[in-house]
Structure formats: C-alpha cells, structure tokens
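Q: Okay, here's what each chain looks like letter by letter:
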Amino acid sequence: MVNFCESGGNMTINFDNAATTFPKPVTVAQSLSEAIRKYGGNAGRGGHTLTMQTSEKVFETRNAVADFFGGEPENTVFTLNCTHSLNLAIHGIMQNGGHIIISGIEHNSSARPVYALAEKGICKFSIAEVGQNDDETVENFRKLIRKNTKAIVCTIAGNVTGQIMPYRQLASLCREKGLCFIADGAQACGILDVKMSDGINILCTSGHKGLYGPTGTGILISDGSFNISPLMQGGTGSSSFNLKQPDFLPDSLESGTLNTVGIIALKSGIEFVYEKTPAKIHAYETKLCKRFINQLENSDIIIYRNSNCSYVPVVSFNIPDMKPEQTAAMLDSNGFCLRAGFHCAPLAHHSLGTTDGTVRFSPSVFNTEKQVDSLVKIIKNHKKFRKSY
Amino acid sequence: MYDETEKTAVMMPSVTHAMKAKKIFSSLGFRSDIKRASGISQKGCMHYIEVNTNAENVTSILERNNIKYGELLRKRWEHDD
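Residue numbers (our numbering), protein chains in the order written: chain A, 279 to 667; chain B, 22 to 102.
What the hints contain is simulated information worked out from the structure, not anything from laboratory work. Glycine included, each C-beta is placed from N, C-alpha and C at the ideal position. The reader is advised that the hints may include incorrect statements.
[What the hints assert, rightly or not] Dumping the calculated DSSO-like pairs for lysine-lysine here, alpha-carbon to alpha-carbon at most 27 Å:
hint : chain 1 : residue 1 : chain 2 : residue 2
1    : A       : Lys522    : B       : Lys56
2    : A       : Lys522    : B       : Lys64
3    : A       : Lys316    : B       : Lys44
4    : A       : Lys522    : B       : Lys89
5    : B       : Lys44     : A       : Lys473
6    : A       : Lys473    : B       : Lys89
[To be verified] Output of the computed footprint for chain A on chain B, the stretches with three or more beta carbons under 8 Å from beta carbons of chain A:
hint : segment
7    : 30-42
8    : 64-74
[Claimed, not checked] Here chain B is said to cover these stretches of chain A; the calculated rule only asks that three of the stretch's residues, wherever they fall, bring their Cβ under 8 Å from a Cβ of chain B:
hint : segment
9    : 324-332
10   : 337-348
11   : 522-534
Make the full structure from the sequences, and use the hints.
A: As structure tokens, then:
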C-alpha cells in the first residue's frame, strides 16, 4: 500500500504519524465497516442477541490487547485516547493527595492533570530532569522521592524527539519504593515491545497511533496492584441496582456506552502490528529516520538528537531562521504533512531550549524511502521555497 | 470429563469476567452460555454463566484462573425434559 491520499487533486504524504497513523491498514477499514453494519448492540447492556454478539466482539479486542501487552482482559480498560487513560490513572491514584513525580519531557496529557490536581491543592508534584544518560535520569527521579510520594508518571518515549526513557529502570525504582508506575506508551506501543512484565503498574496508550486503530480508541491496562478510583460514574451494565459505582475493573472505569465500532476495528490494527512485529516496524521506521537524518547531516538543518540516547522513529528538526510553522506550511504546500510547534509538550521544549518549537518527522510502515528522499529534497532547497512563507 | 446431567450457574461481576470464563471453560472442553440475570440478583442487571459441569468444578476452575465470581445460582439442574 502506498501512503498518499488525494487532497484537492494533489497527492499528500503523511509524515505526522506520531499524531495519528494514516493511512490505516485495509483490514481496519473493513472491520470498521463490518462493525457498523453488523455489531449494533450496546456491549454489556441487556442480554439479547445483538448486544451479546457485540459484547463478544468487544471482548475479542480486549483479549487481543491483553495478550499483546501481557495483561489480563478484565484489567484492560477501553478509553477514548491516551490522554483519557492518563487522566483516569493520575486522578484515580492521586485523588486523596500525596506527591507525584513526572519527567521533564512529559506531554500535556500527563503534565496537565498533575498540574490541575496541584492547583486545587490535592497533591504536590516534582519534575525530574532528563539526564545525560539513563542512570542519571533514574537518579534524578530517585532524589525527588519523598515520604508521601505515591507515583511516578513517565513517558516510555517522548513525543517531541522520540527519546526512549529508562522506563524499566523507573519501574524497578517504583517497585523498590512501593510507588505506582504509570507509563505513557503513546509513542512506544506498537514500536517497542512494551509488556506489563516490564514492571508497569498502569500502562496508558492510544489505539490510533502505533496500533493502527481508529481515532477515538485508547487503552488503560492495570496490573491490578493499585486501586484506581473512577474519574466518572455511570451506567456499566453491571450491578445496576446499586447506586455505588462497581469497584472492579474494567467496569469501574468504563461508565457509559463504549466506542464499540472503534474497539472492534482496533483488533484488526493490533493483528496488523502483531503480524509485522513491533521489532520489524521499529527497524523499518528507524531506517527511514536514519535516511532522513543522514541526508541532512551536512546541511544547515538542526536535528534534535543526542548520540547517548535511543529513539523511537520520530525526528525533531528546525530550519535556521525559519519558524517551525513556516517550515510546515512550506512542506504542506509541497504535499508533505508534518507537524510543527510544541506538540503539546512544553516541558520537553523547555529542556531542549526550542522556544519556537520544532518540526516533527514521524514515518509509519506505509512510508517509503522514495518519499523520504522527496521530502529531504524540499528541505535542503528551503531557500528556494521559503520566500513566500 | 463432565456429567451432562449437571449444570452450574454462577453470577459474574461483569460481562468481561463472564466472557473470560467462557473462553477458559471452552478450552477445557466444557460447554457454557452467558445469560443476563436481571431480576435474579439483588444487585440488579448482571450476567451469569451456565456451565455443563458441577459447582465444584466450576468454582475450582474460576479460582485457578483468578476469575472473580459471585453467588452460585443453582447447583444442579435436571434434564429439561
């Protein structure tokens, strides 16, 4: 399959897959279509044929997700997106107060709920700076642990530069100190072989990025060792005579009708990734990133990478004397979709010193070397193209 | 492996637990059905799973697989006829 879509008669190539992968596998589109035509019951509600068939399909995805990450289906919660999952986890663990530590490259999906809780006086938080190497980063977290620290929230891979964080070491630190380790897998799941057995207590991720599912799908997986208080209450299809919200997963965190169509199609996305394997996807996309970086090496382009660090296939760059938004507009007018700005991660830009933000190149398995070469050609010739931006 | 004359119905906390249980019972060769239990439980709408084996088997399999379950509804059925 080629990665282009028709847009006003022009061919558009998507290199903004870190925001959401596009195109999706054909099987995902087929599942979506089948789900909306055939599985019209409300999962978990009632006992008639339609609802039971839909419930079974939802369970199949739940089971596939649990298998993929080494969790249990009953501890696998469907949400709307990774932000939703992180809000459930952070509010659910911190609602009675305490102290929480986040990394210095967190996305707003973690940073904002933590900040909101602190602003209300419910909890305190600290930000651990990312060090020059993994040991230094872990040490920075360790130094911030207090008597009342309850949790560490850390992205597995940052969404601005793609830097892989020492999440397994942080999980060990949490286990040693009895803290809850909440991992943001938005940029890592489907690309790195993330497993609950890495020591993650709560894994939050989206379904529409590296898992190639539709938008409106998110996942929270708990290892069951920390109670997550629900952020909202409502109908779950279970214990319905009781005004008290169910206290067991997944129902405690799944109030209201699920996005059954999206969830059913998500299974096809996971099967697509499972078949290709995260290792091969990582290798292929990394090859595209290296091709991108190597071709720009002797140019004036600024690439935000550090040779001591490991990265998922995301590259942040800037063209000197050109605002990121101008660069993205120039590339867009030439048929390439890349995201510019702060990528909802102000902390990361504070660490990088990129006060105007960056432009982000993020390929998927559907991109080709030829597309990368065409993009590089435009970037290298920015002086020729930039005048009108 | 099991006695066809025996069926056990057990309340499940959620349809997810019921489906996980059904998958495990099926892998062990037991037939099972998930049914809605409105009006049966004082907790309101719930799902129960009906399995073609005795209560001891059902509960030990559920426990062995760490699946939460609720009350046993009936321990023994006679043939429908």
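Q: Are 3 or more residues of the segment 64-74 of chain B near chain A, judged by a Cβ distance of less than 8 Å?
A: That given contact holds, which follows from 5 residues of the segment 64-74 of chain B lying within Cβ reach (below 8 Å) of chain A.
Q: Just to make sure I understand the rule, a stretch counts as covered if three or more of its residues have a C-beta closer than 8 Å to a C-beta of the chain. Does the segment 30-42 of chain B meet that for chain A?
A: With 7 residues in contact (Cβ-Cβ under 8 Å with chain A), the coverage given for the segment 30-42 of chain B holds.
Q: Starting from Lys473 (chain A), check that the Cα of Lys89 (chain B) is at most 27 Å away, please.
A: Given that 27 Å is the threshold and the Cα spacing comes to 23 Å, the pair holds.
Q: Take the C-alpha atoms of Lys522 (chain A) and Lys89 (chain B), compute the straight-line distance between them, and say whether it is at most 27 Å.
A: holds (19 Å)
Q: Are 3 or more residues of the segment 522-534 of chain A near chain B, judged by a Cβ distance of less than 8 Å?
A: Coverage by chain B holds for the segment 522-534 of chain A (4 residues, Cβ < 8 Å).
Q: Are the Cα positions of Lys316 (chain A) and Lys44 (chain B) separated by 27 Å at most?
A: holds (22 Å)
Q: Under the criterion that the straight-line Cα-Cα distance not exceed 27 Å, is the pair Lys522 (chain A), Lys56 (chain B) satisfied?
A: It holds: about 23 Å lies between the C-alpha atoms, which stays within 27 Å.
Q: Do at least three Cβ atoms from the segment 337-348 of chain A come closer than 8 Å to Cβ atoms of chain B?
A: Check passed, 3 qualifying residues.
Q: How about the segment 324-332 of chain A: do at least three of its residues have a C-beta closer than 8 Å to a C-beta of chain B?
A: holds (count 3)
Q: Mind checking the alpha carbons of Lys522 (chain A) and Lys64 (chain B) for me, to see if they're no more than 27 Å apart?
A: holds (10 Å)
Q: Can the restraint linking Lys44 (chain B) and Lys473 (chain A) be considered satisfied, given a maximum Cα separation of 27 Å?
A: holds (23 Å)
Hint check: no violations occur; every hint is consistent with the structure.
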